[in-house]
Amino acid sequence: MSVRLEARLWWAQRVTAAFLAFFVAVHLATMIYAVRGGLTAAEILARTHGNAAWGLFYTLFVFAAAIHGAIGLRTIAAEWLGWRGTPANAAVALVALLLALLGLRAVAAVVIP
Amino acid sequence: MKRARSHPGWWAFIVHRVSGIALALFLPAHFLALGTALSGGARLDEFLRWTDRPLVKAAEWILVMLLAAHLAGGLRLLALEFLPWRDWQKSLAALAAGFALAAGLVFALAR
Numbered sequence: 010m011s012v013r014l015e016a017r018l019w020w021a022q023r024v025t026a027a028f029l030a031f032f033v034a035v036h037l038a039t040m041i042y043a044v045r046g047g048l049t050a051a052e053i054l055a056r057t058h059g060n061a062a063w064g065l066f067y068t069l070f071v072f073a074a075a076i077h078g079a080i081g082l083r084t085i086a087a088e089w090l091g092w093r094g095t096p097a098n099a100a101v102a103l104v105a106l107l108l109a110l111l112g113l114r115a116v117a118a119v120v121i122p
Numbered sequence: 072m073k074r075a076r077s078h079p080g081w082w083a084f085i086v087h088r089v090s091g092i093a094l095a096l097f098l099p100a101h102f103l104a105l106g107t108a109l110s111g112g113a114r115l116d117e118f119l120r121w122t123d124r125p126l127v128k129a130a131e132w133i134l135v136m137l138l139a140a141h142l143a144g145g146l147r148l149l150a151l152e153f154l155p156w157r158d159w160q161k162s163l164a165a166l167a168a169g170f171a172l173a174a175g176l177v178f179a180l181a182r
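Sequences listed follow chains C and L, in order.
Heads up: the first sequence at position 53 corresponds to 62 in the working numbering, and the numbers run straight through without jumps.
Heads up: the second sequence at position 72 corresponds to 143 in the working numbering, and the numbers run straight through without jumps.
Think of the hints as simulated: they come from the structure by calculation, not from any bench.
Note that the coordinates shown come from a computational prediction; the quantities given were computed from them, not determined experimentally.
Accuracy of the hints is not assured; some may be wrong.
[What the hints assert, rightly or not] Derived list of chain L stretches under chain C, where covered just means 3 residues or more per stretch with a C-beta under 8 Å from a C-beta of chain C:
{"#": "1", "stretch": "83-96"}
{"#": "2", "stretch": "116-125"}
{"#": "3", "stretch": "135-141"}
{"#": "4", "stretch": "168-181"}
[What the hints assert, rightly or not] Sample of chain C residues at the chain L side, in silico, Cβ under 8 Å:
{"#": "5", "residue": "L37"}
{"#": "6", "residue": "I41"}
{"#": "7", "residue": "V44"}
{"#": "8", "residue": "T49"}
{"#": "9", "residue": "G78"}
[Said to hold, decoys possible] Derived Cβ-Cβ restraints for the label pairs, each shown as a range:
{"#": "10", "chain 1": "L", "residue 1": "S77", "chain 2": "C", "residue 2": "A100", "range": "27 to 37 Å"}
{"#": "11", "chain 1": "C", "residue 1": "L14", "chain 2": "L", "residue 2": "L172", "range": "29 to 39 Å"}
{"#": "12", "chain 1": "L", "residue 1": "R120", "chain 2": "C", "residue 2": "A21", "range": "33 to 43 Å"}
{"#": "13", "chain 1": "L", "residue 1": "P155", "chain 2": "C", "residue 2": "A87", "range": "21 to 31 Å"}
{"#": "14", "chain 1": "L", "residue 1": "D123", "chain 2": "C", "residue 2": "R114", "range": "18 to 28 Å"}
{"#": "15", "chain 1": "C", "residue 1": "A97", "chain 2": "L", "residue 2": "F97", "range": "21 to 31 Å"}
{"#": "16", "chain 1": "C", "residue 1": "S11", "chain 2": "L", "residue 2": "L109", "range": "35 to 45 Å"}
{"#": "17", "chain 1": "L", "residue 1": "P155", "chain 2": "C", "residue 2": "F31", "range": "20 to 30 Å"}
{"#": "18", "chain 1": "C", "residue 1": "A51", "chain 2": "L", "residue 2": "I85", "range": "38 to 48 Å"}
{"#": "19", "chain 1": "C", "residue 1": "S11", "chain 2": "L", "residue 2": "R124", "range": "42 to 52 Å"}
{"#": "20", "chain 1": "C", "residue 1": "R93", "chain 2": "L", "residue 2": "A75", "range": "17 to 27 Å"}
{"#": "21", "chain 1": "C", "residue 1": "F31", "chain 2": "L", "residue 2": "L109", "range": "20 to 30 Å"}
{"#": "22", "chain 1": "C", "residue 1": "A55", "chain 2": "L", "residue 2": "D123", "range": "15 to 25 Å"}
Backbone N, C-alpha and C fix where the C-beta goes; we use that ideal spot for every residue, glycine too.
Kindly generate the complete structure, drawing on both the sequences and the hints.
Okay, structure coming up:
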């Protein structure tokens, strides 16, 4: 276990947490606003299609969530399952990559007209 | 362990961890659902109609609560780690729980 890697991941977890606090608060408020009167694709896409601001917001949200989620799962795997070391790190890096790719695909789906 | 479980800090820890796992499991499904819009609004609408089922709505409501709980619990952790006012621990845990409940209620009422 590299102390330097652990310290970097600890910081990355806190920095992404601080960004996510803002993103999630906006997401919660948007969700509560959007679900009033039921959800439709037209309503969602009218808000997001071609909107660069939402595109940027959700792209940063996806990256922060992918990094934060993967580091969190790594901690839980180590503490609750005793799963540490290179295989665990590689698995977690793969989780981060998959989350980021799926997330970016979702952003593209709702933002690019 | 039993003594630890009577401490609000232990409950704050366990709620943060369990909500984190649930959110990490939910994220890929959330992204895949939104990705259906790649083939047009009709596919997304089809999925949204499926989410109108009472059980799915209940699951959605639980997820919103978990997201709010993870947000508030995370802010509590950042405050504990980076701010000097540690005496506020219990109040912060209570605030986090209150925020999660409030967010869940507002979402449920809106939906």
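Going down the list of hints, with the structure as the test:
{"no.": "1", "hint": "83-96", "in the structure": "holds (count 5)"}
{"no.": "2", "hint": "116-125", "in the structure": "holds (count 4)"}
{"no.": "3", "hint": "135-141", "in the structure": "holds (count 4)"}
{"no.": "4", "hint": "168-181", "in the structure": "holds (count 4)"}
{"no.": "5", "hint": "L37", "in the structure": "holds (6 Å)"}
{"no.": "6", "hint": "I41", "in the structure": "holds (5 Å)"}
{"no.": "7", "hint": "V44", "in the structure": "holds (5 Å)"}
{"no.": "8", "hint": "T49", "in the structure": "holds (6 Å)"}
{"no.": "9", "hint": "G78", "in the structure": "holds (4 Å)"}
{"no.": "10", "hint": "L:S77 x C:A100: 27 to 37 Å", "in the structure": "holds (35 Å)"}
{"no.": "11", "hint": "C:L14 x L:L172: 29 to 39 Å", "in the structure": "holds (38 Å)"}
{"no.": "12", "hint": "L:R120 x C:A21: 33 to 43 Å", "in the structure": "holds (39 Å)"}
{"no.": "13", "hint": "L:P155 x C:A87: 21 to 31 Å", "in the structure": "holds (29 Å)"}
{"no.": "14", "hint": "L:D123 x C:R114: 18 to 28 Å", "in the structure": "holds (25 Å)"}
{"no.": "15", "hint": "C:A97 x L:F97: 21 to 31 Å", "in the structure": "holds (22 Å)"}
{"no.": "16", "hint": "C:S11 x L:L109: 35 to 45 Å", "in the structure": "holds (40 Å)"}
{"no.": "17", "hint": "L:P155 x C:F31: 20 to 30 Å", "in the structure": "holds (23 Å)"}
{"no.": "18", "hint": "C:A51 x L:I85: 38 to 48 Å", "in the structure": "holds (41 Å)"}
{"no.": "19", "hint": "C:S11 x L:R124: 42 to 52 Å", "in the structure": "holds (48 Å)"}
{"no.": "20", "hint": "C:R93 x L:A75: 17 to 27 Å", "in the structure": "holds (24 Å)"}
{"no.": "21", "hint": "C:F31 x L:L109: 20 to 30 Å", "in the structure": "holds (28 Å)"}
{"no.": "22", "hint": "C:A55 x L:D123: 15 to 25 Å", "in the structure": "holds (20 Å)"}
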